[in-house]
Amino acid sequence: MSLLLDSDYEILKKAGVDFEEEETARFLIFKNFPLPRDIYLADGKPVDAADVLYVIPQNYNSSGGDMFWVHPRLLRADGKPIPNTGGPGPNEDTRAHKGTVFCRWSRHWGNNPWRPKLDDVQTIIDRVSWAFKYPDARRS
328 MSLLLDSDYE
338 ILKKAGVDFE
348 EEETARFLIF
358 KNFPLPRDIY
368 LADGKPVDAA
378 DVLYVIPQNY
388 NSSGGDMFWV
398 HPRLLRADGK
408 PIPNTGGPGP
418 NEDTRAHKGT
428 VFCRWSRHWG
438 NNPWRPKLDD
448 VQTIIDRVSW
458 AFKYPDARRS
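Residue numbers (the working numbering): 328 to 467.
Quick caveat, the hints were computed from the structure, so don't treat them as lab data.
Keep in mind that a hint or two might mislead.
Below, in silico cross-link-like pairs of lysine-lysine (DSBU-like), each with a Cα-Cα straight-line distance of 35 angstroms or less [what the hints assert, rightly or not]:
1) K358 / K340
2) K460 / K341
3) K372 / K341
4) K407 / K358
5) K425 / K340
6) K358 / K372
7) K425 / K341
8) K444 / K358
9) K444 / K372
10) K341 / K358
11) K358 / K460
Full structure from sequences and hints, please.
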C-alpha cells in the first residue's frame with residue numbers, strides 16, 4: 328500500500344524530488360534535501376544537503392505530522408543551538424533506516440495547522456524547507 332496519494336507522487340515527480348519509502352515503518356525519506364547556504368555544519372564541515380525522514384501518519388491526509396528526522400546531525404555554523412532537536416544518543420527520539428540514524432527536529436505549526444484534504448506532500452516539503460531556513464524560529 329502506498330504511503331501517499333497519487334497526486335502527491337505526481338508533485339514529487341514534477342519537482343524532481345529524490346525520495347524513497349519504507350512502507351512498514353511509514354517512512355518517507357527525501358534524499359539530498361537542499362539546505363540554505365552557510366547555515367549548517369555536519370562533522371565540522373559546511374553542508375548544503377541532508378536526508379530527511381518524515382513519518383507519514385496512518386490518517387494521512389487528515390494529519391500531516393509535526394516532526395521530521397535528519398541525517399547527518401546538523402549543527403549551526405554560528406555555534407547557536409538548534410531548539411527542539413535531538414540525537415543521536417541514549418534517550419533521544421531518533422529513527423533508523425537501513426543502518427542510518429536520523430536525528431529529530433520537532434516543529435509545531437501553531438496557527439498554521441494541517442488542512443485535511445487541502446494540504447499535501449508539497450506542504451510537507453515547504454514546512455521542512457521553512458524549518459531549515461529558520462532553525463531557531465517557531466511558526467505561529
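Hints versus structure:
no., hint, in the structure
1, K358 / K340, "13 angstroms, holds"
2, K460 / K341, "23 angstroms, holds"
3, K372 / K341, "31 angstroms, holds"
4, K407 / K358, "26 angstroms, holds"
5, K425 / K340, "24 angstroms, holds"
6, K358 / K372, "19 angstroms, holds"
7, K425 / K341, "27 angstroms, holds"
8, K444 / K358, "26 angstroms, holds"
9, K444 / K372, "41 angstroms, violated"
10, K341 / K358, "16 angstroms, holds"
11, K358 / K460, "18 angstroms, holds"
In the structure shown, a violation is registered for the earlier hint numbered 9 alone.
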